[in-house]
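Here are the chains, one letter per residue:
Number of protein chains: 2
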Amino acid sequence: MKPINVLSKFDLFDEQWSPRRIAELNGQQVILAKVEGEFIWHDHKDEDELFYVIKGTLKMEFRDRTEVLNVGDLMVVPRGVEHKPVAQEECWVLLFEPMSTKHTGDVEHAKTVNEYKVI
Amino acid sequence: MKPINVLSKFDLFDEQWSPRRIAELNGQQVILAKVEGEFIWHDHKDEDELFYVIKGTLKMEFRDRTEVLNVGDLMVVPRGVEHKPVAQEECWVLLFEPMSTKHTGDVEHAKTVNEYKVI
Chain A
0 MKPINVLSKF DLFDEQWSPR RIAELNGQQV ILAKVEGEFI WHDHKDEDEL
50 FYVIKGTLKM EFRDRTEVLN VGDLMVVPRG VEHKPVAQEE CWVLLFEPMS
100 TKHTGDVEHA KTVNEYKVI
Chain B
0 MKPINVLSKF DLFDEQWSPR RIAELNGQQV ILAKVEGEFI WHDHKDEDEL
50 FYVIKGTLKM EFRDRTEVLN VGDLMVVPRG VEHKPVAQEE CWVLLFEPMS
100 TKHTGDVEHA KTVNEYKVI
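As given, the protein sequences belong to chains A and B, one line each in that order.
Per numbering that gives the first Met the number 0, the first sequence runs over residues 0 to 118.
Per numbering that gives the first Met the number 0, the second sequence runs over residues 0 to 118.
Some hints here could point you the wrong way.
In this list, chains with the same sequence are indistinguishable; a pair is considered to hold if it fits within one copy or across any two.
Here are the simulated lysine-lysine pairs, DSBU-like style, with alpha carbons at most 35 Å apart [what the hints assert, rightly or not]:
#1 LYS58 / LYS116
#2 LYS110 / LYS1
#3 LYS110 / LYS58
#4 LYS116 / LYS54
#5 LYS110 / LYS44
#6 LYS44 / LYS101
#7 LYS83 / LYS116
Don't read these hints as lab results, they were simulated from the structure.
Please model the complete structure; the sequences and the hints are all you need to start from.
Below, the structure is given as structure tokens:
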């Protein structure tokens, strides 16, 4: 039960598309991710997912449109909605989601990380 | 399912100690609060509560110590732990907590707001 500085936590890792868990509460987790390039199309059947951009710009592609999130913007992607995060330059994102959420949904992919590191 | 700019949402209200809900997911809510001065001692029997400082400085008093959160710091206060938020100057805070959470816990107080406005 100590303050956690989000930017300092980002300084602890360089790996992209590899979420780190920084807090846990009410069965939910706060994770940090560095992303660059294109992720894969996926959805989460039972979990809504919140993205909050800390640095850079994140494009969230949906099947019918794209939303752009800049620093200080957040967005909830509801369960069951296919999405693909894309970032032209490295983007730092904080996510809130259930502990059970897998970042590639049901898709098994080279980018899939099954156990998030805790930092 | 649109991006939400957190600072723009803070511009929509001036009232202190009066949380506004900006998003809902997985039975949890994202709320914003402007705080200044001393809140009241309270706890939440069944809910962990996350505080994330967007502007200013928040002191979180516990019965045995005080933690200081600056901009970019977050902290989880676990269920059942008595706490009292204090801010010498106006501080803007983003909170993540279950929909069921009452900001004054079981304490009924002049500051108690039973229904959060959605902005």
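Quick rundown of the hints versus the structure:
Taking identical chains as interchangeable, the C-alpha atoms of LYS58 and LYS116 lie at most 35 Å apart whether they share a chain (25 Å) or sit on different chains (29 Å). In this assembly of identical chains, the alpha carbons of LYS110 and LYS1 lie at most 35 Å apart whether taken from the same copy (32 Å) or from different copies (26 Å). When the C-alpha separation of LYS110 and LYS58 is checked against a cutoff of 35 Å, the pair qualifies only within one copy, where the shortest distance is 18 Å, while the shortest distance between copies is 40 Å. Within a single copy, LYS116 and LYS54 get their C-alpha atoms as close as 21 Å, and across copies as close as 29 Å, so both meet the 35 Å cut-off.
In this assembly of identical chains, the alpha carbons of LYS110 and LYS44 lie at most 35 Å apart only when taken from the same copy (19 Å versus 39 Å across copies). Taking the closest pair of Cα atoms, LYS44 and LYS101 come within 35 Å of each other both inside a single copy (10 Å) and across two copies (29 Å). In this homomeric assembly, LYS83 and LYS116 come within 35 Å of each other (Cα to Cα) both inside a single copy, at 22 Å, and across copies, at 32 Å.
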